[in-house]
Amino acid sequence: DQQVKQNSPSLSVQEGRISILNCDYTNSMFDYFLWYKKYPAEGPTFLISISSIKDKNEDGRFTVFLNKSAKHLSLHIVPSQPGDSAVYFCAAKIGSNYQLIWGAGTKLIIKP
Amino acid sequence: EADIYQTPRYLVIGTGKKITLECSQTMGHDKMYWYQQDPGMELHLIHYSYGVNSTEKGDLSSESTVSRIRTEHFPLTLESARPSHTSQYLCASGPLAGGNTIYFGEGSWLTVV
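For the protein sequence lines, the chains are Z and P, in the order given. Going by my numbering, the first residue of the first sequence is number 1, and it counts up by one from there. Going by my numbering, the first residue of the second sequence is number 1, and it counts up by one from there.
Among the clues, some could well be false.
[Claimed, not checked] Restricting the straight-line Cα-Cα distance to at most 30 Å, the calculated cross-link-like pairs of lysine-lysine (DSSO-like) are:
(1) Z:K71 x P:K18
(2) P:K57 x Z:K5
(3) Z:K93 x P:K57
(4) Z:K107 x Z:K5
(5) P:K18 x P:K57
(6) Z:K111 x Z:K93
(7) Z:K56 x Z:K111
[Said to hold, decoys possible] A few chain Z positions that, by computed beta-carbon distances, are all more than 10 Å from chain P:
(8) V4
(9) S12
(10) D24
(11) L34
(12) E42
(13) I53
(14) N67
For the record, the hints were derived by calculation from the structure and aren't laboratory data. For each residue, glycine too, the CB sits at the ideal point set by N, CA and C.
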């Protein structure tokens with residue numbers, strides 16, 4: 001049973017507009033969430049994270065929102081740029097557990 | 001950000017061959033991981049290590065083995081490659097304390113024919 005779900009396999013957004021990537025989870029014990037970005041034939045790179053004690057974390061064009069009651073987090077990219085075209089993974093962990101639980105990824109395509 | 005290196009980046013080998021995928025990191029991280037990822041799918045943890053002489057199997061059953069003789073080195077070995085092993089293999093590392101983020105190498109694409 002998948003504990004972290006990214007239900008949109010792909011998303012297409014116009015350059016300059018906002019991209020919103022969504023992630024749902026089922027395990028209420030998750031207390032830390034991360035977003036990674038992956039280009040084809042490369043390893044994932046860390047983007048932004050959020051602890052469950054917060055509901056928002058911002059870093060430049062990237063903002064992550066966490067809604068614990070809905071078990072939902074989202075990544076907002078504003079404004080979207082061509083270089084943002086990639087696959088975005090969300091991941092979650094519990095406490096000091098070393099393992100991350102990953103979603104299947106959403107492919108973001110930024111149209112010029 | 002961690003410096004973590006994987007070799008080879010791309011490899012095509014025949015069925016039954018033995019292959020070792022190398023992974024090295026220069027940040028002194030205690031935690032290291034091997035993930036397997038197919039296009040459009042989530043990352044699956046196949047092995048991890050908390051430090052020297054520590055190795056554990058991950059969630060995904062794998063016929064590979066790993067070793068951790070030195071902190072910086074975490075090689076993955078397939079004794080007898082099969083076409084079902086065709087995939088991208090991602091190595092990652094992270095600090096034992098004071099951080100939840102892990103950092104990935106560029107990955108090794110393995111094709112078994």
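Report holds if the minimum CB distance from D24 of chain Z to chain P is greater than 10 Å, and violated otherwise.
-> 13 Å, holds
* Asked: Are K71 of chain Z and K18 of chain P close enough, with their CA atoms no more than 30 Å apart?
  -> Not OK: K71 of chain Z and K18 of chain P at ~44 Å, beyond 30 Å, violated.
Check on N67 of chain Z being off the interface with chain P, judged by Cβ distance over 10 Å
N67 of chain Z clear of chain P: closest Cβ-Cβ about 20 Å, beyond 10 Å.
Holds or violated: K111 of chain Z to K93 of chain Z, with C-alpha atoms at most 30 Å apart
Judged against 30 Å, a Cα distance of about 33 Å means the pair is violated.
Query raised in the report: Going straight from one Cα to the other, do K107 of chain Z and K5 of chain Z come out at no more than 30 Å?
Result: Holds - the C-alpha atoms of K5 of chain Z and K107 of chain Z are around 14 Å apart, at most 30 Å.
Is the Cα-Cα distance between K18 of chain P and K57 of chain P 30 Å or less? 20 Å, holds
### Task
Please work out if K93 of chain Z and K57 of chain P have their alpha carbons no farther apart than 30 Å.
Judged against 30 Å, a Cα distance of about 17 Å means the pair holds.
Checklist line | Non-interface label on I53 of chain Z, tested against every C-beta of chain P at 10 Å | finding: I53 of chain Z is indeed farther than 10 Å from all Cβ atoms of chain P, at 13 Å.
Would L34 of chain Z pass as off the interface with chain P, using Cβ distances and a cut of 10 Å?
The claim breaks: L34 of chain Z does not keep its Cβ more than 10 Å from every Cβ of chain P (closest is about 7 Å).
For the pair supplied as a hint, K57 of chain P and K5 of chain Z, confirm whether the alpha-carbon distance does not exceed 30 Å. Satisfied, since the Cα-Cα distance of roughly 23 Å is no more than 30 Å.
Holds or violated: K56 of chain Z with K111 of chain Z, Cα cutoff 30 Å? Roughly 27 Å separates the two Cα atoms, so the pair holds.
* Given as non-interface: V4 of chain Z, partner chain P, CB spacing beyond 10 Å -> 8 Å, violated
Going down the numbered hints, you'll see the structure goes against 1, 6, 8, 11 and 12, while the others check out.
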